[in-house]
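**Q** Residues per chain, in single letters:
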Amino acid sequence: MLTFLGQHGGKLCDGLSRREFLRVGGLGLTGLTLADVLRLKAQTPQRQTDDKSIIIVYLNGGAAQLDMFDVKPKAPSEFRGEFKPIQTNVPGFLVSEHLPLHAKIADKYTIVQGMQTITSGHSLYEASSGFASGVVKRPAIGSIISRFDKRRDKSMPASVSMAYDAGPAYLGPKYASFSPNGGLMRDLYSNGGIPQNRVDLLRSLDNLRREIDAHEQLLATDEFTKKAIEMLASTKIREAFDVNKEPEKVRERYGKHTYGGVTLLQALRLAEAGVSCVTVYGPGNNKWDTHKNNFKTMKEQILPHYDKSIHAMITDLYDRGLDKKVLIAIYGEFGRTPRINKNAGRDHYPQSGFVQLAGGGLKMGQTIGDTGLRGDWDISRSKPYTIQNLFATFYHLLGIDPSIKIPDNFGRPQYILEQREKIEELF
Amino acid sequence: MRKRFSFLIGLGISFVLPLAGRAADKVPPFGKGSLIALTAIPQKIELNGVDACQQLIVTGLYANNGVRDLTRSATCRSENTAVATVDTQARVTAVADGATTIVVKADGQTIRVPVVVSGTRGEQKINFTNDIIPVLTKLGCNTGACHGKAEGQNGFKLSLLGFEPQVDYHALVRESRGRRVIPTASERSLLLLKPVGAIGHGGGKRLEVGSPEYRILKRWLAAGMPFGNSDDPKVVAISVTPQHRILDVKAQQQLAVTAHYSDGSKVDATQMAEFRTNDSLLLDVDKDGLVTTLGQRGEGSIMVRYQGLVTVFRATIPQETPALAFPKASNLIDEHVFAKLRALGIPPSALCTDGEFIRRASLDITGTLPTAEEAAKFIADKDPKKREKLVDELLQRPAYAAYFALKWGDILRVRGGTRDNKKGNGKKPAVDPIHKRADEFHAWIRKSLQENKPYDQFVREVLTAQGPTSGSGVQPQILWYLELKTPERLVDDTAQAFLGTRIQCAQCHHHPFEKWSQDDYWGLAAFFARIQWQAVGKDKKLRPVRFREGGRMGQVLGYDPKGKLEDRHGKVYDKPRALDGDPIDVPENVDPRQKLADWMASPENPFFAKALVNRYWGHFFGRGLVDPLDDLRITNPPSNPDLLEALAQDFIRSKFDLKHLVRTICTSTTYQLSSLPNDHNRGDMKHHARFLPRRLPAEVLLDAVDQVTGSPTEFTAMGGYKFPKGTRAIELPDAYVSDYFLTVFGKPKRESACECERETDVTLAQRVHLLNGSTVSRKLGSRVARLMADKRPEDEKIKDIYLSFFARYPTADELGAIKQYLAERSKDERTRSAAYSDILWALINTKEFIFNH
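Listed in order, the protein sequences are those of chains A and B. Quick note, the first sequence lines up with residues 1 to 427 if you use this note's numbering. Quick note, the second sequence lines up with residues 1001 to 1853 if you use this note's numbering.
Under the rule of at most 25 angstroms between Cα atoms (straight-line distance), these lysine-lysine pairs were calculated in the BS3-like manner:
| hint | chain 1 | residue 1 | chain 2 | residue 2 |
| --- | --- | --- | --- | --- |
| 1 | B | Lys1686 | B | Lys1407 |
| 2 | B | Lys1407 | A | Lys137 |
| 3 | B | Lys1453 | B | Lys1389 |
| 4 | A | Lys308 | A | Lys256 |
| 5 | B | Lys1250 | B | Lys1686 |
| 6 | B | Lys1485 | A | Lys137 |
| 7 | B | Lys1538 | B | Lys1428 |
| 8 | A | Lys84 | A | Lys296 |
| 9 | B | Lys1749 | A | Lys137 |
| 10 | B | Lys1149 | A | Lys137 |
| 11 | B | Lys1436 | B | Lys1453 |
| 12 | B | Lys1571 | B | Lys1234 |
Everything labelled a hint here was simulated from the structure, so no lab data went into it.
Using the sequences provided together with the hints, build the complete structure.
**A** Structural data, given as structure tokens:
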């Protein structure tokens, strides 16, 4: 494979062809190649590794940062809004008065302010892929993670998506995120598995000459047949989705909302079971787009739910001892305007939004970035952080080199990320 | 023998080897036995200037008429090291003006290479483009991962791979208040401090203090950073020595690269050239141009790049096989394939059986399994010409056109759109739904293939489509324009789909692995410069639409005789220029796209016919002669260049007759080889010594399941519309189909012109679906019912099943196993029916069913 790089490019500038990918392997459940399966076979079950996981929680519609974490008590009222800030358990760290539970655990999360997006319309494409939509469709982060799956135990899918997903794009369908509504889930759990007599019968009849079998695809077929039969006999994936396995008390803490309640608990269970990337919708689904009546909607409908469920999720993360292993990232497609509009609402504001992060063994209890007195100081940093910087942080945790190039369907090498600097303050 | 060798030395350039493909039946030799003669290239060396160097290539001729590279094993010594030195890799470097001799010794033989050094005194001329850019490239400074990326790296931006020297010169010398370069204290320039790691450098240490690269940068700084004169010679070509070698399975070969300048001078560029292996399992190459074979056999190549120019070294690593038995060659394909196999020492497999042939040909030509009756009849047929006749007959079937329309639907992006079942309430929509266009274009493709429209005509009609996109008078091919919209995307697809060339890179920068520049790209795009999207304005007249809004349903594809294109730097392109051609003046009353079609179909076009035959080769053999099959370029050489050329010429001679091409391929002995390997061709994946099994494509596999179970799938479009009953998967017009089976087995969404968008691998999700999914479980019933009602003896019924699944009769073992299973499990009607169901389920899940073999 030709790369753009000099001879000593090494890891920094390494590139692989599609074909080499197949050989090199290293992929999620559905995308397992033969090489993986053989490697898996060669390994006896090992201790649980220090594999890390990412949970992405979408705030679908774009959340008003000034009324949550980027509070501006000294700003004029047309910016400041109705809510008052309150102190948290971290000195100097203020949050909105409608996040009282969050105020008690500010040491357990970090807020990155001034996150910039390209997207200004309602599309989670950038939130999912890191890129603005263009001629070349980019893969979702879950598909990249499936493609570069480095876990030792691959009995769970590398990526599970229960929300919008930009899809695998040029990585090919085998790197699609596992969806609980998708065909694989149905195939695994709807038809009752394969009786032993059928397994035996297939074995006795599947005898295309052995010599012909010495071909990668045919070998892969055999291996996948075995692996599929094993999977069909296991309920591990289904159980990870099943929140009824949790004590009532725990479910109660998260709340019974489907979005931002059950989904959050499912996400944590999936990460705990070994899924590398889980994508879900968070609290306040579809209500975040507060062009009108921002304060009423936030106060009455969104923030109480948000405070309860996300607080539950973060404390649960620590209670389960997963705070070093699992990183939760909560964000929407963009921020909302600091200046309040005439309908007491806030409009789309790609210049500055926020990401709430918890766990991952990263430095918690900080606010990163400064958006100025009124929250519209978008030149506060010479280079504000973007979704790509956030993804670079994820890839760093997962051990994926974001400068690897992947050929798109035109044969053009595309970097996993163009902006590959991680969010330094977290380390 | 001796005589021929001295003649070769007389040529002084490289050995003429018994080239792959033209050799006699015996395996071509590499160096074995005793050393007969020793040679070095070049025969004499002239070095001009400080640090000038020349790579020697030392080669031995051996008793068996084979050659071996001795560059590293020979001992080289300079008779006067004050004039020139020579190192262990036989690289001669100038020290001071004068003359000396390099004495080369190997295996008791000695040769002498005279060296003359000049120009080391006085001022050294340095040209930024010729001398400094290659250093930046070799060190990796200007790669896409580092300073070469669009926004640069940490405030310092170079043009990608140094294709824009002016820009780079400005960035180095002028930007940042000139702090990157300090001529009076060159060692303290950031240009040197950063790459040697003396101060923080995100890219790490890339340069050794005192290395030749370091020295030339330092000299350039000390000389006051000259850019050079505009009349300084430029590199116009590069060559590699040797170009091709037959190598042992454990061998090394040193390469030497020569840069040819516009003034006719030649300079060794081995040290500054970049080397890449194209076949990482076969060959490795280091930064000095030393190629190492890795223990595998076959053919591979090394790409060499210097100053935007590329060339390749090809290596053949044959295996030593005793006597090679070859089947009869049927046509030109076999002549070339067998010649290559002989050169590689790979004997082909035997011919496949009749059953295998009818299954293989039916699947590949018509996307359809043969029925049990067809298979039985074909196997029993005694006609020696029956295979040829079958191919002819298959080509006449409607399924041939349906299946290839599926293929062309992928390439031409017949994507379509959602469709629902609503009849409407009498109101006609303002514009036609896009799926209507998809249906028409699909029907047009299918009809063109059925009628066997000459391929050049087919492409011309696509390229020159025009007029309304909705209402009456719509040309079906307009969908291609509706999908692609802009000249840039049109040229991308034109190049990839019809010329087998990926030229997209050159839209913004020189293609990194090809000679294509932005001028080449925009010249080709200019053939589309006069298309103009128009819409009916308020005054009911057609008006051009704004650039970004072109290509919507309801608009008209019109013509603007003054249309031209601009690249992102504002450079205007109004004259189209074909690849490797001259700019063409096209009168205003002539659509340049006609000229484009003319150029494509001209017999001299080096891309058009090759791209097509390579694409079709890929269809029938699972990989192109050039692979990926739409990536024809110098640096990605075909596995069999002679065959590609011959097949393309044959296609041109046939007047672009697609059925003729299919017939030629399918009646070749090569296509009829068994997939069962012999002892010597097991490892071959590239040269067609045997037929490589391929998983059936999504649509073909689903149709096959439908056919053997007698239970047709009813397809639903996204949006809810139900396609007419009896529509087969291969007949679906567009990509807006909701069917999990097709999705999981890789039906593409048609978002690109690349056939690689179609998933052809086996995945775990596919296995789970076939083993436990609803598609198969729902379908078994109807065939089971037929089997239950069939009163014939069990043997007959099982034979029928085997013929319909595999186009063969069951073996005695298989027959026994199935009868035993039935007997054991048939306690009553219900269990008997379950047992049949089990058997069908198992056979659908065999590799023999899922694969074309």
